[in-house]
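Protein sequences, first through last, are from chains E and Y. Taking my numbering, the leading residue of the first sequence gets 1, the next gets one more, and so forth. Taking my numbering, the leading residue of the second sequence gets 1, the next gets one more, and so forth.
The hints are simulated quantities; they were obtained by calculation from the structure and are not laboratory data. Be aware that a few hints might be false.
What the hints assert, rightly or not - Label-pair restraints from in silico Cβ distances:
# : chain 1 : residue 1 : chain 2 : residue 2 : range
1 : E       : 94        : Y       : 92        : 39 to 45 Å
2 : Y       : 206       : E       : 211       : 49 to 55 Å
3 : E       : 228       : Y       : 232       : 32 to 38 Å
Stated by the list, open to error - Sample of chain Y residues with no beta-carbon within 10 Å of chain E, all distances over it, derived:
#  : residue
4  : 14
5  : 54
6  : 62
7  : 70
8  : 81
9  : 91
10 : 135
11 : 155
12 : 160
13 : 162
14 : 192
15 : 201
16 : 217
Keep in mind that this is a model prediction, so the values were computed, not measured. All residues carry an ideal CB built from backbone N, CA and C; glycine is no exception.
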Amino acid sequence: MSWCEYPGWLAGSEVLQNYGCRMASGFWITIELVLISVLIGFAMALALAIARLYGPRWASLAVGGYTTFFRGTPLLCQLYLVYYGLGQFRVFWQDIGLWWFFRDPFYCAALTFTLNTAAYQAEILRGAIQAIPRGQFEGAASLGLHRWATLRLVALPQAMILALRPLGNELIVMIKASAIASLVTLFDLMGATRLAFARSFDLSIYLYAALIYLVLVEIIRRIWDRAELRLSRHLALR
Amino acid sequence: MLDKFALLGFGPEGWGWALLQGAGVTISIALATLPFGLALGLLVALGKRSDSAVLRAVATLYTTIFRGVPELLTLYIIYFGVQLLLQHLWQKLGLPGSFSMPPFVAGMVALGVVLSAFSSEVWVGALNAIQKGQREAAAALGLSKAQAFRLVVLPQLIRVALPGLGNNWMVLLKETSLVSVITLPDIMFITTRANVVTKEPFLFFGAAMLIYLVFSLISARALGRMERRANRGFAAFGGAMR
């Protein structure tokens, strides 16, 4: 008996024992998908937020359009547009040698989630940078700091603390939203669960999946709370 | 190229009417869910602030569960689970035939339960923002607890809660796209079918995207207006929370 069958065996659930291994590999796909999209999305969001706040007018407008578009439409629709819609131009992708990317549901889901979370994270970071008191910027200027140095050394460290909580929420939203990837034939945790249900017609498998998601989200929330407390401990004295 | 756009039109080949109907379904499920979810959310919020420890624990558990489980999973559990449960009940009662839950009701319940979990947080924040003196003054005037809530707290609550509830609405509007998986003919369901028939996914999902975007932009505009109206008695609009 492989290790992933034990939880089902212990719980006395035949369906969880039979599909435990599929769900375990699905769990890792969910984790991979979320980590890749949230991390790349964060790097993108940083650039987007800075472009929005300090870039030239056209860049600021373009970023505004980007965030409005991705925040104003459902993730499911975006995923279908990338996976089915862009997949329609198969000949074009084959010509430029990118068909391997747009053929694969995992890459498509990762791309969609990255673009989506980048829009949300960019708004969070923009709000956090804007919430920093003006005196901080003026102080930096009076010390002769360059604009870029002001941003890197003064604004961003403070903004990150403000952004910590909403960024944690965004991570949790992405974990939950990643279940949508199962609708484009990806066998993430939700996909494996759907398969198990379709074959066994045992509804309890959905409850076990709900429990797994719930525990995952709760663990991340607790860790995040701790991290926030620790990172902002110097502010308690103010 | 242009003949492809005829697929979106209202001609014999066009999907225009179907798309409009889908948009209607999307709007109606969102609007049907909203009052149910917000009212339930307010109840949960009152539970979280109640004097009874049991009630507080139940309300907290409720929000933890429905904020932590993916919406898609909640939808499946309610659609299949409640269906199964009611079917059992149906047969136990010896009623003829079989029971089947309409997908609209299942979608409404699932989205409403999730909305109630998220909106309860907004309600709690708003309830905390109403000063204690308001309730004390109401008590001093001889109002009962229920009267004080209905006549004094609630009218002020709506103004404070409006920005948060507005966010909840925007999220709900996008979440309705999930009900397409339980065969409710909303925008996503129609465009998925149109894709199967016409093999033009980019065109149709692009169109769906634009419809959702229009809904979102209209909602944002309307919410901005409502907030301005709710704040009209306050000099420092947006700043003063109390």
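Against the structure, the hints:
no.	hint	in the structure
1	E/94 <-> Y/92: 39 to 45 Å	violated, 59 Å
2	Y/206 <-> E/211: 49 to 55 Å	violated, 38 Å
3	E/228 <-> Y/232: 32 to 38 Å	holds, 37 Å
4	14	holds, 19 Å
5	54	holds, 21 Å
6	62	holds, 12 Å
7	70	violated, 4 Å
8	81	violated, 6 Å
9	91	holds, 17 Å
10	135	holds, 29 Å
11	155	holds, 29 Å
12	160	holds, 20 Å
13	162	holds, 19 Å
14	192	violated, 7 Å
15	201	violated, 4 Å
16	217	violated, 7 Å
Taken one by one, the earlier hints fail for this structure at numbers 1, 2, 7, 8, 14, 15, 16, listed in ascending order.
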